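Take a look at the letters that make up each chain.
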Amino acid sequence: MTNLQTYPEIANYAQQTSEPAWLSDLRIKAWQQTKHLHLPSFGKIRYQRWPIQLEQPLEFHQSNPKLLQNLKIEAAKHLVVQFGQTTVQQTGLQSLAAKGVIVCDWVTALREHEDLVKKYFMQQAIKYDQDLLTAQHVAKLTSGLLIYVPKNTVLTEPITSYFIQDATSKQDFVHHVILIVGENSEVSYMENLMTVGEQPTTASVIVEVIAQDNSHVKFASVDRLGKNTTTYLNRRAHLGKNAKIDWSMGMMNDGNIVGDFDSDLVGAGAHAETKVVAISTGRQVQGIDTRVTNYGPHTIGHILQHGVILSRSTLIFNGIGHIIKGAKGADAQQESRLLMLSPKAKGDANPVLLIDDNDVTAGHAASVGRVNAEQMYYLMSRGLHKKLAERLVIRGFLGPVLAAIPSDWIRSQLKATIEGKLIDGQKDE
Amino acid sequence: MAETAKANMLGLGGKYQYGFKDDIQPILTTGEGLTEATVRQISAAKHEPDWMLDFRLKAFQRYQAMEMPDFGPDLSPLDLDHINYFRRDSDRVARKWEDVPEDIKKTFDRLGVPEAERKYLAGSSAQYESEVVYHNMHEQLEKEGIIFMDTDSAVQKHPELVRKYFGKLIPPADNKFAALNSAVWSGGTFIYVPKGVKVKTPIQSYFRINAGNSGQFERTLIIVDEGASVNYVEGCTAPNYSEDSLHAAVVEVNVLKDAYCRYTTIQNWSNNVYSLETKRAQALENATMEWVDGNLGSKVTMKYPSVYMNGEGAHGTMLSIAFAGKNIDSDTGARMIHNAKNTSSSIISKSLCKDGGKADYRGKVRFGPHSDGSKSHVECDTIIMDEESSSDTIPVNQVKNGNVSMEHEAKVSKISEEQLYYLMSRGIPEDKATEMIIMGFVEPFTKELPMEYAVELNRLIEFQMEGSVG
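First to last, the sequence lines map onto chains S and A.
Residues in the first sequence are numbered from 1 upward in steps of one, following our numbering.
Residues in the second sequence are numbered from 1001 upward in steps of one, following our numbering.
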């Protein structure tokens, strides 16, 4: 047992929030590890000098919900809204509870479902001591969400969450989601990340998905973190036998971000479809590292990444398909495409295949180019002016993720965000 | 050892011993290991000018300070202290085939050099161990002002040309093995093609590592002047020895305005050789550089021929195959660097691995800030032939200019069962059918080779395929 007295910061926080002793111990272990661990390497993404490490003390903050008044939030059937460490709204969770589905914020989860958190938190999908960023995350974690769907449960309506970073004061945003989907169950989850406030801050956001045998998870997200937020965003799924996950992520952030998206296809026949669209504007750098690892036989891992680069911004797509020896009949395919809309735009597309077995099919395609001239000609010959035509072509290019968003309301929100980003970017040209 | 080396330098050491094929006594060797004295000794033995000695010594300092590559295959078994950095088998450069020492000649005979020369080649330069022992040049080429000789001779005879280009594309600090080569280089080919001269037939050179523990550090420098054109073919093969051997070549190719160069390599060293090469070309305005690169042998190969497109409208291509058999780790690829407007490049890479071999593609396409209107197309195909083998495809595509286009495609698979089924249903036995599929897979490469090389390569692949089914 580690002596809490030597870590007053953790001890104080534990006292304030009455968090269980095992978690404080895990925080201390993680904190001790940070001295030996290194920043993870994501291919050609050079983020090491960014203010991405969590420097602010572990502290309990109460955020003021009145600051969210101007924010547009969907009136979804099952809805959770969190602002900083404060849960602002929870709607339609009783009907879920009746089916045995648990949806609750971090503090409640630790109080009421401690065993679940203890079993899955940084144990199976991601290890707490994997690298410096995951260890810091554990040491400084202050908010989150637990979703547990028991076996044989099919949810027809999506569960929607809004996680709004409070950047009105200088505090790190350290947030964690655990999504456990039992055998034969099906769930659709829609996540929104946003920022209120202009303070330069750091965000460390991790999502762990545990998809048990024969389950199906539809994960959609629209990420719109603020211009002054430097973000480490890690979403990782651990899939059992014949489990399937559909990732659809819209990276619409305004600040610098490293996105690390992983799927571990552990069970035979597991299947991951990862779709990412991204728009970079201004002078921001977005680095996206998407990895699928085929461990089990007959597993399928597909990656599709479409990105648009405006102004002087940078967008880097790494795609990694890794087939482990013994994954007979596995399939790893990926496609990364980048559209450059400005002469000063910078983009990398690095599609990597690591193949240790021969009874497999694997392939990748990558391209970088300008907006398709024929499509532009077609639209402009019908009287559309150039910038509008350009935006329409781009909207088509971003279609794969747009189409996968489970809510019409959020889809139209995303379209508006895309439109806004493009109009903004086109101004600079 | 130092005493012997000194004696050798004074010409008192070993002498030719004829009669035993592949068992040649070197007349000068610096012995195992590398110190500043070794570097000075090599330079002195070649009566080099001071600037070259300076270049070597500075490179040697760099070499000592530099780290081993932090990527790719395991180089830890390579013991750099037990390598022979210089040896000379012949004290003269032969002008005619008849003058080449008998046993060396026999070795080349078996490899078919004279035949190739008769039928196809304008000139022939064969490197045995560290220096060129055979050198012949077609009279017609000489008349046109083409310079084709070993690089050592070029340092003596054309110092101004050599000095202008030597070590400019690949400075010693580029990587540890380029620094090593710069310190101890010996032999290699020097070609200068004057303005507007087009060499019709391929120029060929044959390299070969013989004794175990011998390092070969040839240094090739090619300058194709404005509007000129040349097709250079380099082939390698070696018998099997048990001790590890290192080959760290440096090849620099300058293709000036409107010029054309094709550089073809077939590498088939025995599987105890570490082949760590640095090959780089620059293509100026509207110039074209083509690498045709086949890698069949070596224990470990690390080679990424590159084209720096430094002039507007320059073009670079790479066409390569890698065949990684038992105990072979082949880490190869191409680098296309677009530094000027309207440049274009293409990479086609075919890899095969079997019997536990590892065939990795590691390539790079970079569009610099001034590469407006440039294009690149990359295709990597791999067949993994059995359960023991593996393959990684690791491309990097960096785009620093918004007005370019890049396409990259790759596929990894086993032998197509449909194709096999089709062929076998027509009565072709499995081994033959497999061979046919493999031949079809590498055909885009073989059809670009001069006829004799294509025949030889097909034979080599057939040989590699023996016993692959069953």
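Honestly, the hints are just simulated from the structure, not real lab data.
As the structure is a computational prediction, the values presented were derived from the model and not from experiment.
There may be inaccurate statements among the hints.
[Claimed, not checked] Pair by pair, the computed Cβ-Cβ distance ranges are:
1) 1069/A <-> 97/S: 55 to 63 Å
2) 1432/A <-> 325/S: 28 to 36 Å
3) 1440/A <-> 156/S: 48 to 56 Å
4) 396/S <-> 1444/A: 32 to 40 Å
5) 396/S <-> 1427/A: 44 to 52 Å
6) 1369/A <-> 384/S: 50 to 58 Å
7) 396/S <-> 1355/A: 31 to 39 Å
8) 420/S <-> 1444/A: 41 to 49 Å
By construction, the Cβ of each residue, glycine as well, lies at the ideal position given by its N, Cα and C atoms.
Quiz item: Tell me, which hint numbers fail for this structure?
Solution: 6 and 7
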